[in-house]
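Starting from the known structure of chain A, arrange chain B on it as the hints suggest.
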Amino acid sequence: MGSKAIIIQNLSKKYRNAESFSVSNLTLEINRNEIFGLLGPNGAGKTTLISMLCGLIKPTSGKFIIEGFSYEKNAVDIKKMIGVVPQEYALYPTLTAKENLMYFGSMFGIKGKELKTKVQEALEHVGLDKFADKQIHTFSGGMKRRVNILAGVLHQPSVLFLDEPTVGVDVQSKNVIIDYLKALNQQGTTIVYTSHHLSEAQDFCTQITIMDKGEILTSGTPKHLIESVPNANNLEDVFVSITGKALRDGL
Amino acid sequence: MVYKLAMTIYKEMLLLKRDLGGLVILFVMPLMLIITVTLIQDASFKSMDDLNIPILLVDNDHGEISKTVKEDLNKNGNFQVISQLKGKIINEEMAREAVFKGEYQLAIILPQDLSTDLNSKVQRNVERIMQSMEVNDSNKAEQKKEVNERSVKLYFDPASQISFRNTVKNSIDKLITNIEKEKVYQGFQESLGISDFAIQDENFISYQVIGPDLKSEEEILPNSVQHNVPAWSLFAIFFIIVPLSINIVKEKGQGTQIRLITNPVPHFVLIAGKTITYLIICMLQFMLMLLIGLFLFPYMGLPKLELQGTFLMLFIVTLFSGLAAVGLGILLGTIAKTQEQAAPFAATFVVILAAIGGIWVPVFAMPKIMQSVSRISPMNWGLDAYYDVLLRKAGFGQIALELLLLFSFFLITVLVALFYDKKKRAV
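Residue numbers (the numbering used here), protein chains in the order written: chain A, 1 to 251; chain B, 1001 to 1427.
Please keep in mind that the hints were generated in silico from the structure rather than gathered at the bench. Take the hints with a grain of salt, since some may be wrong.
To be verified - Taking lysine-lysine and the BS3-like style, the derived pairs with C-alpha atoms no more than 27 angstroms apart in a straight line are: (1) B:K1153 with B:K1181; (2) A:K111 with A:K63; (3) B:K1181 with B:K1067; (4) B:K1181 with A:K113; (5) A:K134 with B:K1252; (6) A:K58 with B:K1337; (7) B:K1422 with A:K58; (8) B:K1250 with A:K80; (9) A:K73 with B:K1424; (10) B:K1183 with B:K1153.
Pulled out of the complex, with its shape left as it was, chain A reads as follows:
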């Protein structure tokens, strides 16, 4: 295993009453300290894959290992090592930013002065220290996104799962978020990231996998993917070339 943060083998997921697999026989390895972009159109299976890796839903078949541990045997160990940042603002609206972070930090066993210091530093890092005692429901979308990320990283996870962390935020907030995530990665956190912002993914990710209909279509560095598709100038050209132009509406 050595340098691998995540090893996925023949992983499949079929929801009850679904006609097809959301994730089908997927095999994948993610290196340590990687910023791994998981891209794909709506319904590709990205969220299902991340939900399984986070322990939110159980796979139909196959297995995966995170930092050498599996959920069957070491669920608590995995939960201590991973950080999860859901797409929705997973915060208590009537608690302040500080109270939210103190609570979620305490769930990882961080206590007392250490907890206070970590919360204070994290808020300073994303420019929210002045708003520490304001309730979340008074925050703008960008401010909520930043607190949402902090709540998932206070315990300095080995692997961080981010589901569209910059959706619906302005450029300024997006830059703060990306810079913060890059800093985390430099400190040793492996990042697994999904997004529909392809230019952002192109700049941010060190490794990208494009998937559709539960299967991996292609993987590689952003540069490698762009070079592999004739006449492609950016990741968006690669994406459209591989996944097609058809709409993915469905219930």
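Using the frame of chain A, we list chain B on its own:
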């Protein structure tokens, strides 16, 4: 683990503190309920002596009976007799109209010659008896004409309750029976020519109501406060299923539940955090109700709540009732998908549980089928335990079954919720 539990309780407390609507549901609504209902129900727990209900009396008799009825009704304080309306002597038509309009609860119509006819009937019966004993002139009784039965008409407001009607009928019947009895004695005295014999007309049989608190000098009398404080405390306690289920549904909707599931904290710690927080709320609700019963009600002209050393037992009953309520709230919150589902269902469900649990209508007064249904209501177990402690002076052993049922209900509802949640996530 303890640290995570303590932080979860602190978080839940903060959430509650900042939820004004939830606080109103938890504290203000039950207070309004207990004060309003106790004030309204107080009259039905009082004896008739305290009521002084205004009633119409139409006197077509103008005799001894009407005079006695009027005097007795006025004297005993049950009723305030009205014989005139707007300066006019009331007749039957006026009385009927006023009662059926709901202006008065009751009108009594005494028929013409009631006193004369009652005298004749009594005299005739006395003389028959004397004749059979050959004490009197044998022809005298036969000279008296037969007296037909007479009826006193009672007009009731259609909205008046059956129990009120029966009480009034019994009171008037007792009055007339007493007059009849006196007439019988008088008849015999006159027939036997006795004039200086004092009849002892006091009741020979008296009634002694014995409660469970016979040893104590101060017996607890059932009154609106003794019944309503435990009953509506229980209602308030179970009403926490509304904010609690909403709290759980919100966590699902806003994504915090997803975050918590992925955190290294066992699900039961999160459930225990909510349980302890809402149990504290239940205890506070109960304390508030007790304080109202002890200190506010006496200032409102209501009886004071009499605890007489039952506080600890009441505390225990509240704890177990609170557990049952929390379990139900957790189950509803787990099953409901939206706040729109949780809030009205929880509120309606509490009202149904209260109804079948005997909060409004005593279980013994329910139809048989509903009596059976009430036995499976956790509110009924709680109410029974409260009444056992407060009114029947029961000890721990006597309420153990109710406590066991309440605790089992908590365990079952929480386990079902945990199982449902696990099953749902294994999609």
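Each hint, compared with the structure:
For the proposed pair B:K1153 and B:K1181, the alpha carbon gap of about 21 angstroms is at most 27 angstroms, so the pair holds. A C-alpha spacing of about 34 angstroms is found between A:K111 and A:K63, which places the hinted pair above 27 angstroms, so the restraint is violated. With a C-alpha separation of about 16 angstroms, the suggested pairing of B:K1181 with B:K1067 holds against the 27 angstroms cut-off. About 91 angstroms separates the Cα atoms of B:K1181 and A:K113, which puts this hinted pair outside 27 angstroms; it is violated.
A hinted pair counts as satisfied when its Cα atoms are at most 27 angstroms apart, and A:K134 with B:K1252 qualifies at roughly 23 angstroms. Restraint check: the Cα-Cα separation between A:K58 and B:K1337 comes to about 21 angstroms, which is no more than 27 angstroms; the hinted pair holds. The straight-line distance between the Cα atoms of B:K1422 and A:K58 is roughly 10 angstroms, inside the 27 angstroms bound, and the hint therefore holds. Restraint check for B:K1250 and A:K80: the C-alpha separation of about 25 angstroms stays at or below 27 angstroms, so the hint holds.
Annotation: proposed proximity of A:K73 to B:K1424 holds, straight-line Cα distance about 21 angstroms (limit 27 angstroms). A C-alpha spacing of about 22 angstroms is found between B:K1183 and B:K1153, which places the hinted pair at or below 27 angstroms, so the restraint holds.
When each numbered hint is compared with the structure, violations occur for hints 2 and 4.
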